[in-house]
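**Student:** Sequence:
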Amino acid sequence: MGEQHAGVSAALATVDQGACDAMAARIAAAVDAEPAAEDAAGRWRTDYLDNPEVVPLNFTKCFAILEAAGGGSLEGRSILDIGCGGGGFVTQARALGMRPVGIDIYTGQAHSRSAAEGLLRSRGASEQEIAEIVRDGDITEPVGDLADRFDFSISVGMLEHIPDRDARRRAVENMIRVLKPGGTMLLICGPNRRMPFDLFHYGPRFPFYHQLPSRLKAPYMRRLIKPRRPDLNEVQTATTFLTGVSIREIEAAVRTVSPQAEIAQAFPIFVRMAVSRAWLKRPAAQVVVQAVSRLLVRTKSEPLILIVATRR
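In my numbering, the protein residues as written are 6 to 317.
By construction, these hints were calculated from the structure, which means they are not laboratory data. This structure is a prediction, so every number in the text was calculated from the model and none was measured. Just so it is clear, CB atoms sit at the ideal spot from N, CA and C, and this is done for glycine as well. Mixed in with the good hints there might be a few duds.
[Stated by the list, open to error] Restraint ranges, calculated between C-beta atoms of paired labels, are given here:
1. Gln133 - Ala289: 30 to 38 Å
2. Pro186 - Ala257: 16 to 24 Å
3. Trp284 - His116: 37 to 45 Å
Use the sequences and the hints to build the structure in full.
**Tutor:** Dropping the structure here:
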C-alpha cells in the first residue's frame, strides 16, 4: 500500500470541483439521498446540533481527498473518524463500502451518540455493526488495540476543541499511530493561530478571540451555547469554544511518530474550487486569489488548516 502514496502532494493537485461532484453523486446514490449539506461559506449551520448530516465542510471533499491521497478506490479500506459526533461521516463512509470506526467522548453527550446510532440504523446497519462502529474513546489517551490498524484516519473540526497544547500533540501523534504503514491522515481544523479572525465558526468576531483563555470566553459560552445544548455540562460547553492551532505544532507531532512522513497542505484544493465560481472566473481575480493562497501556505497562515500526512 505504501507505494500507492508516492507523491501525495501531486495526487492532491488532481482534486478539483469535478472530482468532488463525482464523489457527491456516488454518495448520493449509495445512501439514496442528497449528500451532507453545507452553506456557501462552509460554516457550521445553526441546525447542526439537531441534524448530524449537516456539516461544516461537505464530506464529499474529504472523501475525494482521501481517494486521491490513498491512490485508489476507498471500497474495503478501513478508516478511523476521530470526533465522530452525530455519525454523519461514518455513515457515508459505510455507504461507500469502507470499514469505518468512529470514536468520540460521549460521556455526558447521550444526544450525540443516539444521533450517530440512529443515523446508522436508518441506513440499514445491524446492532452489532453499530456497536463496532460507534465507540466511546479519547484520542489523547493511549490507542491500545487501535494502533497500526487503519488505512485512513480523519478528524474534522475536533482539534481546536482541545485547549491544552500537550493534549493536542498527543491527539495528532495518536492519529498517526492508528495508521498502518503507508496509511494517510486527513486533519481539518481551525482557526489558525496565526490568523487574527476565525472565519469558520460562530462566536465573537474581534481579533484573536480564539487566543483568549477559557475563563474569558465563559460569558459568550453560556450565552451562545447553553440555549442550544442545555444537556452539556460546563466543561463540555467550555471546549465548544475554540483554540487557535498552529500548523507547525501539527507537523512536529506527526514527525514525532513518523520522522519520514510525507506532509501536504490541502488548503489549495479549496481555493481552486472557490476560483471556479462565476464571480471569480475573471483572469485577474484568479491570479490574485492564487497568489494570496500561495502566500498563506508558504507562511503557514491559511485560515482553515487542512493537513494530509502519510505514515512512513
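**Student:** Are the hints correct? Go through all of them and say.
**Tutor:** Hints, one by one, checked against the model:
1. Gln133 - Ala289: 30 to 38 Å: 58 Å, violated
2. Pro186 - Ala257: 16 to 24 Å: Given a distance of about 20 Å, which is inside 16 to 24 Å, the answer is holds.
3. Trp284 - His116: 37 to 45 Å: Holds - the Cβ-Cβ distance for Trp284 and His116, about 39 Å, lies within 37 to 45 Å.
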